[in-house]
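Line by line, the protein sequences are chains A, B, C and D.
For reference, each letter of the first sequence is one residue, going 30 to 201 in my numbering.
For reference, each letter of the second sequence is one residue, going 8 to 107 in my numbering.
For reference, each letter of the third sequence is one residue, going -17 to 328 in my numbering.
For reference, each letter of the fourth sequence is one residue, going 21 to 703 in my numbering.
Watch out, some of these pointers could steer you wrong.
With a cut-off of at most 20 angstroms between alpha-carbon atoms, the simulated SDA-like pairs for lysine to any residue come out as follows [said to hold, decoys possible]:
1. LYS58/C <-> VAL44/A
2. LYS127/C <-> MET103/A
3. LYS225/D <-> GLY215/D
4. LYS58/C <-> MET103/A
Because the hints were derived from the structure by calculation, they are not lab data.
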Amino acid sequence: MLHLILFSVFGLVCVAGAINLLVQSHPINSALSLIVVMGSLAVEYLLLGAEFVAAVQVIVYAGAIMVLFVFVIMLLNAGEEERTKGSRVSLLIGIPGMIMGSVLMAWVLITHSGTHAVEAGALPGAPREIAQLLFHEFLLPFEVTSILVLIAIMGAVVLAARPEPLQPEGKN
Amino acid sequence: MVPLSYYLVLSGILFACGVTGFLIKRNIITIFMSIELMLNGVNLSFVAFAAQWHQLSGQVFVFFVMVVAAAEATVGLAIIIAVFRTRETLNVDQVNLLKL
Amino acid sequence: MNVGPFILVSLVKILLALFVLLTAVAYTVWLERKVVGHIQNRWGPTRVGPFGLLQPMADGVKFLFKEDLTPPHVYKPLYIAAPMIAVIFALTSIAVIPFGDWLDIGPVSTMLQISDVNIGLLIVLGVTSLGVYGIALSGWSSNSKYSLLGGLRASAQMVSYEIALGLSLVGVIILSGSLSLREIVDAQGGHFWGFIPKWNIFYGGQIVAFFIYLMAAYAETNRIPFDLPEAETELVAGYHTEYSAMKFAMFFMAEYANMITVACIASLLFLGGWHGPLGGPPWLQALLQIFWFMARVFVFLFVYIWVRGTLPRFRYDQLMAFGWKFLLPLAIANLVITALVVALRS
Amino acid sequence: MNPDLHLWLIPLLPLVGAAINGALGKRFSRQAVTGVALLFCGAAFGMALWVASQFSSLSLPHAEYLATWIRAGSFQADFAFYLDQLSLVMLLVVSGVGFLIHIYSVGYMWDDGGYYRFFAYLNLFMFFMLTLVLASNYLLMFIGWEGVGLASYLLIGFWFTKDSAASAGKKAFIVNRIGDFGFLIALFLLIQHFGSLDFTTVFQKVLPLSPETAGAGLLTAIALLLMVGACGKSAQIPLYVWLPDAMEGPTPVSALIHAATMVTAGVYMVARSHVIFERAPSALTVVAIIGTLTALFAATIGVAQTDIKKVLAYSTISQLGYMFLACGVAAFSAGIFHLMTHAFFKGLLFLAAGSVIHALGGEQDMRHMGGLRTKIPWTFWTMTAGTFAIAGIPPFAGFFSKDEILWRAYQASWIYWLIGLSTAFLTSFYMFRLWFMTFFGEYRGDIEESHGYESTAGHSRAGTPAPHDQGHGGIHESPKVMLIPLMILAVLSVVGGWVGVPGSLGGNNRFDKFLGPVFHATAPDVNATHASPGELAPPEKQTEGTEPKTGPATELIFTGISVAAALTGLYLAWLLYLRRPQLPQKIARSLNGFYDMVLHKYYVDEFYSTIFVKPLIDGSRAILWHGIDQGVIDATVDKSAEEALDVSDSVRHMESGNVRSYASWVAIGAAAVIAYMIWVASR
């Protein structure tokens, strides 16, 4: 019961944040609402017992990635987004496609995932077990992703490094 | 006791919101956030399934998703900065050329 | 233990901890002014009460009754939200910090900790990492170049040093094999060869990790020598330039609360938590534990202030270079070595 | 069981040399290049000698397995090497003569710009040739076969800036392709019918078969096809045309590849597969006929040539004809014997000719030579030895081998013998003609014009100084490094034949005995071989030196006749080109039609170009190029390209460059995929 209540409360927070992300016109508000989404997702993870995932969700997503976003927004001083009608396609095809896809998915999930219920803390993802898994069975993917991150760092440095000479107007 | 489908539906909603954001937002940064939103939705479904099948590997996978998301955000934001330097706009509708 | 008393006890503990923390914050400010004053061969606050002991109260009152003006052209919602975010996250992390072992009062036996989460350390890290938003948003929302620069500096600095901070803690985690602060402290009980206390700092080269943590912590809390976000000489007052009255006070509180949190973590992880020499009856034991713990935190805070009184400020590029090119590699090396030591010992 | 001889090292060493020189030679000094080339080639030669020293203690044939190369079903081809008397002889000849010519080339090519390139190619050739010789199955042999073709192509076209050289290289390559085609088909037949290409296996399966006396069968077909390949490689009618042009290459190359070793590969191959040939009498007859015809034909052409190298080239062809004649009459050992001696004296002749050209600063036309006897004595004496050897004057090497062949030919059929004899006469005639024109009489050339003639030697390549620019100081003897190989080869071409003194001359044909186990052991049994020429050389009789129809006396008579023919040639040459130099012109005028024909090599090249080349080119241009290529292929390609253009022109609006529209396409696509998956699942 408590589980259901908590789930629905934070689920609603989640959805609210997600929708707020869409309706807000200022990127910083979107960012903050996304942070809210992530925080409440962390709680959902806790409800599912994945405490370590929850912690990492907060530290990595909310604490690092989103900080990066906010930082960039501040750096570029991004303002209100102007309402240009760039692509009709996205409205004529994308939205229906998205709706159709999500409806189908929902239908499948609801019909095929059964009424199987998960109780609170169903699977305690204690750091120790996670580590066991991560460093034994998933060692290779782990190393590969570490290399990926390394490359990403270098790529970011290369991309963000100010090109010399600095071109005054990109429009030419 | 919450049915698994609830979690799945929640993750589906988040994912759909992400897609919609990608489709309707003009600001590159916001679009990026929508991508993160989709990833989060997927993560939730992973964890939920892990809880259902008692398979920790589902949770482990979430870490990989997070790492990839982090890398993607790093590079993506760097690209955004580069784009902003040359285009001086963050509006994707005005950024429709690979080369100026 | 059924729910009713549990909630009751928890509430009591929360209120107590909050009270203690806030007073501690207030008196850390006082302490700082005093100590820095003496370092600079002044008296510091002396007028309000004996040794200016009531100075914090006076300050609080002043902050409360001062006019709370918001400058024009600020982005209002965030301008208001920012200080709250800062202080909330600063105060939250106390929730998982244990002050001592179990305490038995009549029927109820409770642990001296608001809640023992077995990923407590991660929670602390996460919450402190969220603390960045307060500063960043305040800097951005107050729509002033000094604030913006301060906010940018702060967020960049905190994100960078968070890495070194986290890595320096991993060594300890490896040694004690747990993320629960309580277990980490328990692992530090006892002595080497009878007389050296079994603190992590004396253990497998963790002294290096300790110093890494020290410096990273200073940077995390924007303290001298890393206080560039609020460098008076360059940025007036950095991110809280445009703030006044209670909002300013919130930032102030947030900063000192963060300092205390960091000090707690340091003493829990490196300095053996509440373990101390003296023995006695259980109730005395519990109090002694709190005492030892407080003592450590106090020493740490004193060092904080001492450093502030002595060291000059870094230049920003030096700060970044120090964080990325020195602390981070050092932390990684320490991590590797610790892992090797543990692996070899087992 | 035999000790492991590491035969694989022998071919590999030159390859290493080639690799080093080819890759790094550009940076090396000439000394370094020389060092590398000689070291590795010499090492191979030394190894060969060592193998020869071990040889007596081996149980033959000695096969060494290195690695599996191809395994497809039951068929298997290995990197394996095969050593028996035959391959030992070839091995020694190839590596020895090759090594000598390497040394010679150091002097000859010293001033050439492509010095390192030359030696890289030369070493490469050695590698392939040794592979060919040592191969233990037809496939590996074929690798060597093709490889030497490649090396010869590279070396003929060595001065590729000169058009004639380049085209000569191409010609050699293409003509060889025709031969290789036959060879390949033969290999396919072998695989199809014997399921293997391994010598031992194939021969084991062939041995029990009785000769196809009545009509032609599988073996005949295989043998003929093999012969086609041999014709290509060894320049026999009708595929000999490439060899004369191959003289465009540097003289050492002509000596090594187009006289001593490569062109004899065909003979070796025929001899190697003698088991098959012996059981295909009709094929043997064909071989013999081709051999004789080629011998005579080339000799007649050689008479009229004035380019010293061309003369030698044609003489090479005719000598090869001799070898095939020998093989054709199943006297394989005699063929190999002649192969060996020929390697000695023809290599010598070419090198000496090179020395002459060198001395004259690039002059190749004999009409501008003469009286060089005193000016370049060493060259003269060595050349003399070579000339006498090839002319078949006893006791020089050529005499024994040639005599052996003639004698055996006579036993097969007197026609072979007659033609062979006349060929011998012609041979000695044109060789002595060359000899007299070059070294006797008074000097007709003018060394100061030598620059003008360099072009004829093909040494006026861009920038690279010609070796004979030393010749500016007037006619001069070649350096030691060129003379020493000459001397060694001279000695060899004097004594080389003594290993095979026939019984009639008091010797007992040791060479034949040595090769005995290879050839006679496998000859088909007597009762099954009536019409087969093979029966005329049953081993036991052979070794006694006694013959069925005839005794030593008759053999002696024939020997005398052939010697007489040789001497006649000598006399005639002396008469025409030393005593009365004006006579030749008269004779030429008196039968000018024939003379012109001979002079123009019977117009064979022209004939080929009209019959094969031109139609081929026209057909290709008209049908293949304009018709098929442009009409069909290009048309389809262009049309499809245009179609693609139209389609994409209509579709390209999808690629608006707007990220969000892309995203929407992705979304709809994802929806479609999900729908499909659901449909599949719910089916």
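For this session: For the pair we were handed, LYS225/D and GLY215/D, check the Cα-Cα distance against 20 angstroms.
Result: holds, 10 angstroms
Exercise. Within 20 angstroms, alpha carbon to alpha carbon, are LYS58/C and MET103/A?
Worked result: The given pair, whose Cα atoms are some 16 angstroms apart, holds under the 20 angstroms limit.
Exercise. Within 20 angstroms, alpha carbon to alpha carbon, are LYS58/C and VAL44/A?
Worked result: violated, 25 angstroms
For this session: Quickly compare the C-alpha distance for LYS127/C and MET103/A to 20 angstroms and report which way the hint goes.
Result: holds, 11 angstroms
Taken one by one, the earlier hints fail for this structure only at number 1.
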